Amino acid sequence: MAMTADELGSTISLDGARKVRGNLTQARIRWMILALVLGFGLVGGRLVQLGMVVPDSTIEGQARDVITATRPPILDRNGLEMAVDIRVPSLYAEPRRIIDVEEAVRKIRTVLPDLSEDWLRKRLTGDKGFVWVQRELSPAIQDRIMRLGIPGIEFLTESKRFYPGMSEASHILGSTNIDNQGIAGIERHMDGEDVALLQELGLARGNALKPVELSVDMRVQHVMHEQLMDAMTRYQAIAAAGVMMDIHTGEVIALASVPDFNPNEPATALVKDSFNRITAGIFEPGSIFKTVTLAGALSSGAVSINEQLDARFGIRFGRFTIDDFHGKHRILSLPEVYKYSSNIGTIRIMQAMGKENFRAFLTTMGFDARVQFELPEMRLPTVPKQLSEVGAATASFGHGLSVSPLHMLTAYAAFVNGGNYVPPTLYKRDKAEAEQLYRRVITEDASAQMRYLMRLNALEGSGSQMNKAALGYRVGGKTGTAEKVVDGRYSSSKVTNFFGSAFPLDNPRYAMIIMVDEPKAENPQSGTTAGWNAGALTGRIVQRVAPMLGIAPDFSPLIDEQLVPPELR
Amino acid sequence: MIRNLNILLIFSSVLMLSGVYALKFSIENTASERTALIALIDSQEGDLSILKADEAVLSQPGHIEPIIKRHQYALLIEPVKQEQFGSFTAIPMRPAKPNSAAMDSLFLSLEAGIDPIDAILELEGIE
Chain A
4 MAMTADELGS TISLDGARKV RGNLTQARIR WMILALVLGF GLVGGRLVQL
54 GMVVPDSTIE GQARDVITAT RPPILDRNGL EMAVDIRVPS LYAEPRRIID
104 VEEAVRKIRT VLPDLSEDWL RKRLTGDKGF VWVQRELSPA IQDRIMRLGI
154 PGIEFLTESK RFYPGMSEAS HILGSTNIDN QGIAGIERHM DGEDVALLQE
204 LGLARGNALK PVELSVDMRV QHVMHEQLMD AMTRYQAIAA AGVMMDIHTG
254 EVIALASVPD FNPNEPATAL VKDSFNRITA GIFEPGSIFK TVTLAGALSS
304 GAVSINEQLD ARFGIRFGRF TIDDFHGKHR ILSLPEVYKY SSNIGTIRIM
354 QAMGKENFRA FLTTMGFDAR VQFELPEMRL PTVPKQLSEV GAATASFGHG
404 LSVSPLHMLT AYAAFVNGGN YVPPTLYKRD KAEAEQLYRR VITEDASAQM
454 RYLMRLNALE GSGSQMNKAA LGYRVGGKTG TAEKVVDGRY SSSKVTNFFG
504 SAFPLDNPRY AMIIMVDEPK AENPQSGTTA GWNAGALTGR IVQRVAPMLG
554 IAPDFSPLID EQLVPPELR
Chain B
89 MIRNLNILLI FSSVLMLSGV YALKFSIENT ASERTALIAL IDSQEGDLSI
139 LKADEAVLSQ PGHIEPIIKR HQYALLIEPV KQEQFGSFTA IPMRPAKPNS
189 AAMDSLFLSL EAGIDPIDAI LELEGIE
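Quick mapping for you: the protein sequence lines, in order, are chains A and B.
Start counting the first sequence at 4; every next residue gets the next number (this note's numbering).
Start counting the second sequence at 89; every next residue gets the next number (this note's numbering).
None of these hints come from the bench; they were simulated from the model.
Quick caveat, the model's predicted, so the values are computed rather than measured.
Some clues are possibly wrong.
What the hints assert, rightly or not - For lysine-lysine, the following DSS-like pairs were computed, each having C-alpha atoms within a straight-line distance of at most 30 Å: (1) 431(A) <-> 140(B); (2) 471(A) <-> 169(B); (3) 523(A) <-> 275(A); (4) 523(A) <-> 169(B); (5) 471(A) <-> 331(A); (6) 131(A) <-> 110(A); (7) 157(B) <-> 523(A).
The task is simple: from the sequences and hints, build the whole structure.
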């Protein structure tokens, strides 16, 4: 039988034992390689995945850096701290790590009984990673809560703003919110500058920030605040405010307005009437505005210092007649107009200058716009764009227009410092820097004459109450009693009183505006006009602060004689 | 040969293993020390900030004045008055020295042994 390959079927080939083993090994190696590649691939993949995860470091929507960021300390001009950062513990919870919510609620409430039970339970229940429980606690409370040993309850050290001067410089400093951001005053201004940026970049760490030096002198600030508080009770006033400035550099030495608030408890700032009356309050300035009219007229040359003005009769405008308060009703010299605070005389001086020129001078003095100043609390003054005949007449003695006390302060400073307007500041500034900002508003001669007039008013006029207390410090100034508008009419019982002053007038260095709102007579012998309250208050402040500012008293009559302009000697 | 090499490798790997672990633990140790130090510095900075705030409160004029007022009568102090200030020009000049030339010359002559009174007595014829 013939056999073909086909019939035989497939050839059976048997591998030797060695070959079989070799094949098996190779297969195993392949499987192993595959397993290893898979294994390492898994590890590698996980690594890549972990690398891609962005850790969530925010706390309730805010970066942790921002919450723990510090603010620079604020120092007064002598290096005394006005605002510092303190580290305080804040209590937070990680609800997903809390095992027994009921127990945690009960235990926390033994230490912090003020927390509402329902609120706390809701807060601690859930799967959140971070919730605040109570911020800014004391180290003692931190200790007690730590001792409770509740899992998922932790502390974070936060920076909290602290104002060691309490309410004394509240309107200058303003305050910060719980996240350490400035919400008012210079704190807010600082944020606008660069502090906020530094905090955002996470650079505001520890003590790295350079302290901010203010122009304020805390000693003077204290005296002013204390005297204003005293005036509130002494004259039963509804408000009082004061501001003092270095007339050469524009540095504000003290600024206070009462009623005020405690910046350590920012909620107190919301109390009615605690606004900053120096910058955010606008008032009819009353007679202290006569200084502006006289300065403008003397500088323009429209009147001279030995001008004679007819104040025998009131001035008629249609139905109205404007008369003097304690009228002399005779021909007055220009210094007498100022001394007796004659409305008639002041209108005549304004008319000699011309109402257009007078209006232009108000613009020159910056009465149309906000004063350039760091505090954000500012209000636009209301000065009519066009003055009618009667409008110009009333404006010349400070009625029918409203400006802030800060406006009056800058004007008074310019009138006595030789005639240069210098914008006020709360930061330190030296004279050379300030001189670059000078803007001439009145002539040097007019400035010298204004110094004489202001001193004269203190010696013989309405400022004598002031001069009694501040004898020897060569203070000069002008009173202003502005009647308030009640139900559309000027009320003679409700008045806002001002005293604008400068000292020492032989070599002037400081200007000051004091305001007392709705004062009553201190005793039956005294009155309610500005000399009795705002004036006397100015005197008491100068008496206290002049030695601090390095001004020695001098009783020599020669000094006052030297202030008299050559034309009048 | 291979066996020796294997033994060597096993030993060296055990050695390196222990070395690596020692390094790991020492690093962990240092890290925890560092964490503890950071926590310490943090708490000390916190304490320091509170102390600084305390100091600032204590040196505020508004804090000092009430203390002064409380002890005003015990210490006999009151705010300075204008009259209390003086100037150098207000201080009077030192008074002129008395003229002692005659006395000096008398003492000098006495010391030299010459008593001027002798001449007068002699003139008067006393003695």
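Results of checking the hints against the structure:
Among the hinted pairs, residue 431(A) with residue 140(B) is consistent with the structure: their alpha-carbon atoms are about 23 Å apart, no more than 30 Å. Taken as a hint, the residue 471(A) and residue 169(B) pair is honoured in the structure, with Cα atoms around 12 Å apart against an allowance of 30 Å. Distance restraint check for residue 523(A) and residue 275(A): the Cα-Cα separation of roughly 21 Å lies within the 30 Å cut-off, and the hinted pair is therefore satisfied. Taking the CA atoms of residue 523(A) and residue 169(B), the gap is near 28 Å; set against the 30 Å cutoff, the hint holds.
For a cut-off of 30 Å, the pair hint linking residue 471(A) to residue 331(A) stands: about 24 Å separates their Cα positions. Restraint check: the Cα-Cα separation between residue 131(A) and residue 110(A) comes to about 20 Å, which is no more than 30 Å; the hinted pair holds. Taking the CA atoms of residue 157(B) and residue 523(A), the gap is near 27 Å; set against the 30 Å cutoff, the hint holds.
In summary, the structure agrees with every hint in the numbered list given earlier.
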